[in-house]
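> Here are the chains, one letter per residue:
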Amino acid sequence: LAKTTQPISMDSYEGQEVNITCSHNNIATNDYITWYQQFPSQGPRFIIQGYKTKVTNEVASLFIPADRKSSTLSLPRVSLSDTAVYYCLGGQGFSFIFGKGTRLLVKP
Amino acid sequence: NAGVTQTPKFQVLKTGQSMTLQCAQDMNHEYMSWYRQDPGMGLRLIHYSVGAGITDQGEVPNGYNVSRSTTEDFPLRLLSAAPSQTSVYFCASSYVAGGENYGYTFGSGTRLTVV
Chain H
1 LAKTTQPISM DSYEGQEVNI TCSHNNIATN DYITWYQQFP SQGPRFIIQG
51 YKTKVTNEVA SLFIPADRKS STLSLPRVSL SDTAVYYCLG GQGFSFIFGK
101 GTRLLVKP
Chain X
1 NAGVTQTPKF QVLKTGQSMT LQCAQDMNHE YMSWYRQDPG MGLRLIHYSV
51 GAGITDQGEV PNGYNVSRST TEDFPLRLLS AAPSQTSVYF CASSYVAGGE
101 NYGYTFGSGT RLTVV
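Line by line, the protein sequences give chains H and X. Counting from 1, one number per residue, gives the positions in the first sequence under this note's numbering. Counting from 1, one number per residue, gives the positions in the second sequence under this note's numbering.
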């Protein structure tokens, strides 16, 4: 199972773009990279998933370089409601391990 | 509404008591999992199931049992509750095809306190 490393916390301001980088040096060839968002007292919510290059949806973008040893979640123009914990996972099928995540605080 | 339903939302147990946390999903997902989350920590996998009749252990299985008799339900049983099992428990389900997991859907959690 891929072990991921993320910053413990980050601060940002409303309207800024936030980039959270995740390291996954031992990611396997068939593993996907997935990001989840968790608000207090709620279960995690799927944000985005990718295998390589760039994936974009209505919420975020995910950048994965060619060597796939890291990935970056990009949140455009964050708002106060984006304050949450963000988890980076590497794996496939049902075998995913959640780390401690990155606690993002968006300030006014 | 489609999703993962967990009951109860809150529970207080005395040490040594047993109970079952219920989890049901109506999305016909084959994969279901149980996680626990302690304060300030990430989620740790307790048990998972890849289909009816098939279960396996995760990172922290001791003190818990599971069974999967139907696709929809995946109950988690605490055999003899201990204070160390005080936590928030999340159930999740997912659709997997061709090796790609299309994202977990999580329930709203059960907050368990063992005194």
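If you are wondering where the hints come from, they were derived from the structure by calculation, not from laboratory data. Please note that a few of the clues may not be correct.
[Unchecked claim] The calculated DSBU-like cross-link candidates involving lysine-lysine, where the alpha carbons are at most 35 Å apart (straight line), are: (1) X/Lys14 x H/Lys100; (2) H/Lys107 x X/Lys9; (3) H/Lys100 x X/Lys9; (4) H/Lys54 x H/Lys100; (5) H/Lys3 x X/Lys9; (6) H/Lys3 x H/Lys100; (7) H/Lys54 x H/Lys3; (8) H/Lys3 x H/Lys52.
[What the hints assert, rightly or not] Footprint (simulated), chain X over chain H, 3 or more residues, beta carbon under 8 Å: (9) 41-50; (10) 96-104.
Idealized CB from N, CA, C, for every residue including glycine.
> It remains to establish, for every hint, whether it holds in the given structure.
Verification of the hints:
no.: 1; hint: X/Lys14 x H/Lys100; result: 29 Å, holds
no.: 2; hint: H/Lys107 x X/Lys9; result: 31 Å, holds
no.: 3; hint: H/Lys100 x X/Lys9; result: 23 Å, holds
no.: 4; hint: H/Lys54 x H/Lys100; result: 24 Å, holds
no.: 5; hint: H/Lys3 x X/Lys9; result: 31 Å, holds
no.: 6; hint: H/Lys3 x H/Lys100; result: 11 Å, holds
no.: 7; hint: H/Lys54 x H/Lys3; result: 21 Å, holds
no.: 8; hint: H/Lys3 x H/Lys52; result: 18 Å, holds
no.: 9; hint: 41-50; result: holds (count 7)
no.: 10; hint: 96-104; result: holds (count 6)
The structure agrees with every numbered hint stated previously.
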